[in-house]
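Top to bottom, those sequences are chains B and G. This note's numbering numbers the first residue of the first sequence as 8 and each following residue consecutively. This note's numbering numbers the first residue of the second sequence as 8 and each following residue consecutively.
Think of the hints as simulated: they come from the structure by calculation, not from any bench. Being a predicted model, the structure only gives us computed values, none of them experimental. Heads up, some of the hints might be wrong.
Covered, in the sense of this in silico footprint (three residues per stretch, anywhere, with C-beta under 8 Å from a C-beta of chain G), are these stretches of chain B [as the list claims (entries may be wrong)]: (1) 26-40; (2) 58-66; (3) 93-104; (4) 108-120; (5) 216-229.
Computed from the model, here is a short list of chain G residues facing chain B with C-beta under 8 Å [unchecked claim]: (6) Ser160; (7) Gly162; (8) Pro248; (9) Gly270; (10) Trp271.
Note that CB positions come from ideal geometry on N, CA and C, so glycine has one too.
Number of protein chains: 2
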Amino acid sequence: MTGPGSAAGTVPSDRAGCLALDAADPLAGLRETFHLPDGVIYLDGNSLGPLPRATAARLAEVIGGEWGQGLVGSWNTAGWIEAPHRVGDKIARLIGAGPGEVVVADSTSVNLYKAVWAAVQWQRAGDPRRDLVLCDRTSFPTDRYLLASACASLGVELRAVAVEDVEHLLDDRVAVLALNHVDYRNGRLHDLPVLTRAAHEAGALAIWDLAHSAGVLPIGLAEAGADIAVGCGYKYLNGGPGAPSFVWAHPRLVDRLDQPLQGWLGHRAPFDFAPEYLAAQGISRFQCGTPPILSLAALECGVDSVLAAEPLGGLAAIRAKSLALTGLFSGLVAGPVARHGLVSITPDAAPERGGQVALRAGGDLDPYAIVQALIARGVVGDFRAPDVLRFGFAPLYLRHVDVWDAVQVLGEVLDTGRWRRHRRAHRSVVT
Amino acid sequence: MTGPGSAAGTVPSDRAGCLALDAADPLAGLRETFHLPDGVIYLDGNSLGPLPRATAARLAEVIGGEWGQGLVGSWNTAGWIEAPHRVGDKIARLIGAGPGEVVVADSTSVNLYKAVWAAVQWQRAGDPRRDLVLCDRTSFPTDRYLLASACASLGVELRAVAVEDVEHLLDDRVAVLALNHVDYRNGRLHDLPVLTRAAHEAGALAIWDLAHSAGVLPIGLAEAGADIAVGCGYKYLNGGPGAPSFVWAHPRLVDRLDQPLQGWLGHRAPFDFAPEYLAAQGISRFQCGTPPILSLAALECGVDSVLAAEPLGGLAAIRAKSLALTGLFSGLVAGPVARHGLVSITPDAAPERGGQVALRAGGDLDPYAIVQALIARGVVGDFRAPDVLRFGFAPLYLRHVDVWDAVQVLGEVLDTGRWRRHRRAHRSVVT
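Isolated chain B (complex conformation) (with noise of 0.2 Å):
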């Protein structure tokens, strides 16, 4: 649990201050890229971004310019069938990957099955004995059920574990080791280059999920010399409710790697139509089927949103801001939660922290009904079942002042435990 001033430096003490570091802001004028409806103080874009003003205009040109008016021939006339790789030379710009080692394909789920499956074949293709993959047991559970059917299906085991425990658990079995970048949960940031290089040094692969990551801080992937991974386009990369998910594979691996979803579009030529398969090199050979390309546009509205950044300081800048408001929100909160008995589970450490602070609520806390108190009184985070309550700070439209006004609410909502009128069965459904 953060006291104030621990996380991030010096943390104002009255909200004139807060609008004094918002004046001072080099990202504050990206706001105004945003729809953000009126009275509402966003801190769920981990869960589904908001909508970036471009967006709207964007879709409309495709559908009824391109797809209305140009019809079947927009696959060569407006770029769609490049698109895939045009998205997703953006996004290599945010996770440290290099021009055409990304695509946009499919679902992070998806995608997922697909890298493990074909990470391991290639591991025991070079030795039989490396069996077992390691996931981090606080795993997003799609991340975890994925990997639990793709061990299956390939006869190896699966063992989720603490990522504490990894460095010591990394030994001459393991084929693969298998992380989320930031803990859905707890925010927690796990060291991507210290435990990329963990598993090469036990001759395993590093496959991450930047689900919570991508967006919103450097990766350095490449750098890292990670071997592939997998992220989300509808949180901090603002593509809209259930935008395509992307994926990347270290060049010096990825012709190696023969997934099991061997669609057209992966194929080498695929307008000859061949009767057999023949992957393509590189990264198109992860595409599958025909891309979702109304879903596919909007993602490209958001990956645009934060590359907007760049002339801005990119995503160094992102960070810095990321970092001064998840810690202004550690700060200020810390006398409500002490308080009411709740606990932060955000690591305290700038370094170990993703975008998000998350507090359980123990006792006769109802973690559910205080986020919907939250959300009855404009201020929208998330719970996480089964005590957790999620805010997320997305720094290219939250103001410092958001942060202060978010707590002044948190504090209301518990000082007077209103929250408990909103005691309910019904379950959020955000991811």
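Fit chain G to the given chain B structure using the hints.
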């Protein structure tokens, strides 16, 4: 090759006769529900259906209202989380399935992988000697690639055979028969009830790819007792480029199918975030990751564009008009086709025809250049390597007079030899 009148009763001998047929067409009014560019006769709805007029406004509402204003709460309040089932229920009405039996998810390619994998596993649990999957050797390539990959991962054999040999080849080694309902290239409609029955008599399961039949003819999956079906959202369902796919499994079978892409939305209780996967009851288990809401909303508009025919006779009326249009085209085109040495490869008999007519161009004809010459004159069909011209006749927006006019243009392009100006290396990338 059809002669005049052979395929669809009387073929009008002039343009006025076609106009008269249009005047009597019960579906004629539906044409106004689509955006069709001026000067274009669109004979490629079997590759990408055109834009329903309702789609742009609906997407603007989803983007600006549901996402922009409703933000993450729209997963509940705007019914996003239910959308794969809501749209699935609508599709069910078009394929002869019941409510709750169809779900929208992923791409056709990915769904086919899930389907064959689950079906083979189930079969082998009952009889490990069933180690063979049969598919049609003229299958759309992506189907064959995915079947091959799934079979390889399961250690069973895939054999690509001529559909006319299937009944002869079905024996107690066959686990699964996986066929395209309509051949993407020559437009042949396979006999789903008869081939399903033959599969069952041999103890095999029947999986159908409805990409080229859903929305253009009655299918009757449940009545035929088929086992699993997958289909495409962007052809006759008019769901937009790369629209998500759908999947159906017979209720007697679905809960025995453990598909391998076990993502959180296929879980029995996705929002419990349980560490272990427990497949949902029913078709929901074929979901995997978070659904692409924008593309799904467009698909719903597309499906609605077909359901709009229900009060006008529904799929029976659609099928009757489809056969009239393909028959009319075959009759009218017979002259130019014979003069220039093209050959129709689409079956003459109505029960064996899907919604398209395909011509093979041999000799010194360049089918790619012919298609380009037609497109330059506003008649949009497509080319399929190495030598096929395809013309799709979607009954919701095409008129008999369009068929007449298209044939005049084709005749002129062939008779004048002007197609020779359109020779080029660039490939069409339509699907």
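TODO: If any of the earlier hints don't hold here, list their numbers in rising order.
DONE: 1, 3, 5, 7
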